[in-house]
Each structure stands twice: as C-alpha cells, then as structure tokens.
Amino acid sequence: MTAQGPLIALIAAARRAGDISRLVEAVPYARFMGISAVVVEGELLGRLQFAGHLIGNPMLPALHGGVIGALLESTAIFQLMWETEAILLPRTITLTVDYLRSGRAVDTFARGVLTRQGRRVACVRVDAWQDDRSRPIAVASAHFLIESAGMPAPEQDG
Amino acid sequence: MADDDSERLRELSAMNLRFERMVPHNRALNLEVLALEHARATFRLPYDVKLIGNPETGVLHGGAITAAMDAACGTAVFQALPRPMVIATLDLRIDYLKPATPPRDVTIRAHCYKVTRSVAFVRGLAFHDDEADPIASGTGSFMLGTSSRRAPERE
Numbered sequence: 001m002t003a004q005g006p007l008i009a010l011i012a013a014a015r016r017a018g019d020i021s022r023l024v025e026a027v028p029y030a031r032f033m034g035i036s037a038v039v040v041e042g043e044l045l046g047r048l049q050f051a052g053h054l055i056g057n058p059m060l061p062a063l064h065g066g067v068i069g070a071l072l073e074s075t076a077i078f079q080l081m082w083e084t085e086a087i088l089l090p091r092t093i094t095l096t097v098d099y100l101r102s103g104r105a106v107d108t109f110a111r112g113v114l115t116r117q118g119r120r121v122a123c124v125r126v127d128a129w130q131d132d133r134s135r136p137i138a139v140a141s142a143h144f145l146i147e148s149a150g151m152p153a154p155e156q157d158g
Numbered sequence: 001m002a003d004d005d006s007e008r009l010r011e012l013s014a015m016n017l018r019f020e021r022m023v024p025h026n027r028a029l030n031l032e033v034l035a036l037e038h039a040r041a042t043f044r045l046p047y048d049v050k051l052i053g054n055p056e057t058g059v060l061h062g063g064a065i066t067a068a069m070d071a072a073c074g075t076a077v078f079q080a081l082p083r084p085m086v087i088a089t090l091d092l093r094i095d096y097l098k099p100a101t102p103p104r105d106v107t108i109r110a111h112c113y114k115v116t117r118s119v120a121f122v123r124g125l126a127f128h129d130d131e132a133d134p135i136a137s138g139t140g141s142f143m144l145g146t147s148s149r150r151a152p153e154r155e
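Protein chains in written order, with my numbering: chain A, 1 to 158; chain B, 1 to 155.
Incorrect hints may have been included.
[To be verified] Restricting the straight-line Cα-Cα distance to at most 20 Å, the calculated cross-link-like pairs of lysine to aspartate or glutamate (EDC-like) are:
(1) B:Lys98 - B:Glu56
(2) B:Lys50 - B:Glu32
(3) B:Lys50 - A:Glu147
(4) B:Lys98 - B:Glu37
(5) B:Lys98 - B:Asp130
(6) B:Lys98 - A:Glu147
[What the hints assert, rightly or not] Going by beta-carbon spacing under 8 Å, a handful of chain A positions derived as facing chain B:
(7) Ala9
(8) Pro28
(9) Phe32
(10) Gly34
(11) Ser36
(12) Val38
(13) Gly42
(14) Leu54
(15) Val97
(16) Gly118
[Claimed, not checked] Pulled from the structure, derived: some chain A residues nowhere near chain B, Cβ distances all over 10 Å:
(17) Arg111
(18) Arg120
(19) Asp127
If you are wondering where the hints come from, they were derived from the structure by calculation, not from laboratory data. It should be emphasised that the depicted structure is a prediction, and the values quoted were computed from it without experimental measurement. Think of the CB as a built atom: it goes at the ideal place given N, C-alpha and C, for glycine as much as any other residue.
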C-alpha cells in the first residue's frame, strides 16, 4: 500500500466532511453485504440491511453467523476510522464473536466502543441488535493493527 | 461393520452437501464443498471482486473469510454427529495471520475435534495451497440439538 493511495484521500475527505458513508461505499464487500455506516443521535452505527442472500439457515430463517461477524468487524473498523487518526484501513488481528440469539430476517445494527488504543494496536468491543438494543444478538471483541500518520507502513506480505 | 460406517458417512456427506448448497449466503459467496470426511469439511471460497475489503489492494474482506470459516466449521460438526441435529454457533474466534493474496482462491479446512452431549468444538484453517502457510485460523463452539423453541426468540 502506498502512502498516496486514493483510499487515504477518501479517508481524509470523510473525516473532514464528518461523513463516513462515501468511504464505506468505496468498499465492494460492504456494498455486496448491504453494510453501511449511519450516524444516529450523534452515535456512529453499523447497519446491515436485510436481504435474502444473508440467510444462513433457511428453515428458521436466520442470518448466517459469518454475516453477523462481518457486520461486527466492519462496525469496529468504522469506529476506529472515525475516532482515531488512522489513515490506513485498520487490519484485523483477531475477532471473537459470541452469538447470543439467532438473527432474524430484519435489519441489524451494531455499535462499536474503542476500549483501548495503543500506538500500534487498538481494541474495540461491538454489540449487534435488531429491534431491541437491550437484547443483543451477538457481541464481539476485536484487536486491530493501526498505523497512524508518521508511522511506518504495515508489513504487506500478501 | 466398517462397510456400515463408510455407508453411513456417505449418506451423511450427501445430506450435508445438499444442505450446504441450500444455504443462501453460501451460494452468494459461491462457496464450494471440496471434501467431506468424518468430522471434517473442506471448502473453497473463490476470489471475487465483490468480496474485496480494501479497494486499493484487492485483498478479500475478513468478513468473507469469517463466513466461510463459520460454514466450514458448522459442516465439520454435522459430519461428526451421530444423527442430524440443529446446531447453533456459540462463539467463533478468527485470527487473521496474513492477508489473502488477490486473486487467489481460499481453501478452508475445518475439524470438529470434540463432541459432547450438548456442545461441539471445532478448529479451522484458511490458506491458499499450503496449510503450513495459513491466512487465518478459527476456533468455534457449537450448541447441539437447539430446537426452534430457542432459535427464533420472538417476543
């Protein structure tokens, strides 16, 4: 990854404009999944718009566990991009998801909270819910490699 | 006896193969089942531009690897069960060891190494060609015999 890539310009523009949605739209996987970032009452939320191709168990029906994991990981990344001075996409080191309830065939929301930010590593906790925020369907804890301005670029071995 | 076991495994594998192909999100990812053995499942996640997480490098999003890992782990559990049961993921941890290399496909191999009365434990690895050079590793536990009474959680 170069220091002058278009993504960095997009990240800088998103931060200046206070609007992360254009950045999210630049990620093909987010478009495929229907994942977006929305600000509701001053809070940055990840939103997964329900679509039939997100189903993992057609009998119930229930969202695919990996889909819920993707929303949690994406929301943690949104929060990091939002709150930190990261100018590169944070790289996920570990993601641990606890599944609490099955995800029904409706929209899902998630909120990330930065629990620790070091120079190189940040930790984010994320909750995901559907209709009732007090009844989360899944919670996650994730660690990321973050590289801020002036930091050496992360090792790119693949 | 051995013939009965291999016959049972063949039937189980055929059923799980049919089930995997029915899962909408697995189809959306174009996930392919490469091999099904006793307590083991090997899947392929084909590289696809729609799964890119970093538009600058073309590297796959971690979410696609997570979904493929979840699917492979769940199928490994099905392959380990004495009879078909409804299962639910309790937890799944993914360690991302190195970025996937575009535009290469990813292979995911999962092994259900322990089944108890209520819970199954699974490990998985994602790699390109060489299992010794993995992209991600996964560890999950699954609740067994969850019925529709628990699952929908409707108020």
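The hints, checked one at a time:
1. For a cut-off of 20 Å, the pair hint linking Lys98 of chain B to Glu56 of chain B stands: about 17 Å separates their Cα positions.
2. Distance check on the hinted pair: Lys50 of chain B and Glu32 of chain B sit about 17 Å apart at the alpha-carbon level, within 20 Å; holds.
3. Taken as a hint, the Lys50 of chain B and Glu147 of chain A pair is broken in the structure, with Cα atoms around 26 Å apart against an allowance of 20 Å.
4. Of the supplied pair hints, the one linking Lys98 of chain B and Glu37 of chain B is violated, its CA atoms being roughly 27 Å apart against a limit of 20 Å.
5. The straight-line distance between the Cα atoms of Lys98 of chain B and Asp130 of chain B is roughly 13 Å, inside the 20 Å bound, and the hint therefore holds.
6. Annotation: proposed proximity of Lys98 of chain B to Glu147 of chain A holds, straight-line Cα distance about 16 Å (limit 20 Å).
7. Among the interface hints, the one on Ala9 of chain A is violated; its C-beta lies about 11 Å from the nearest C-beta in chain B, farther than the 8 Å criterion.
8. Given hint, Pro28 of chain A at the interface with chain B, holds; its Cβ is 4 Å from that chain's nearest Cβ, closer than 8 Å.
9. The beta carbon of Phe32 of chain A is positioned within 8 Å of a beta carbon in chain B (closest approach about 4 Å), and the interface hint is therefore held.
10. At its closest, the beta carbon of Gly34 of chain A sits 11 Å from a beta carbon of chain B; the interface hint therefore is violated under the 8 Å criterion.
11. Annotation: interface hint on Ser36 of chain A violated; nearest CB of chain B at approximately 14 Å, more than 8 Å.
12. Among the interface hints, the one on Val38 of chain A is violated; its C-beta lies about 18 Å from the nearest C-beta in chain B, farther than the 8 Å criterion.
13. Evaluation of the Gly42 of chain A hint against chain B yields a violated restraint, the C-beta minimum of about 26 Å exceeding 8 Å.
14. Against a cut-off of 8 Å between C-beta atoms, the interface hint on Leu54 of chain A holds, since the closest Cβ of chain B lies about 6 Å away.
15. Using the Cβ-Cβ criterion of 8 Å, the hint placing Val97 of chain A at the interface with chain B is satisfied: the shortest such distance is roughly 5 Å.
16. Hint status for Gly118 of chain A: violated, given a least beta-carbon distance of 18 Å to chain B, over 8 Å.
17. Here Arg111 of chain A stays apart from chain B, with its beta-carbon at least about 17 Å from theirs, past the 10 Å limit.
18. Against chain B, the non-interface label of Arg120 of chain A holds: every CB pair exceeds 10 Å, the least being about 15 Å.
19. The Cβ of Asp127 of chain A sits about 15 Å from the closest Cβ of chain B, beyond the 10 Å cut-off, so the non-interface label holds.
The structure shown violates the earlier hints numbered 3, 4, 7, 10, 11, 12, 13, 16.
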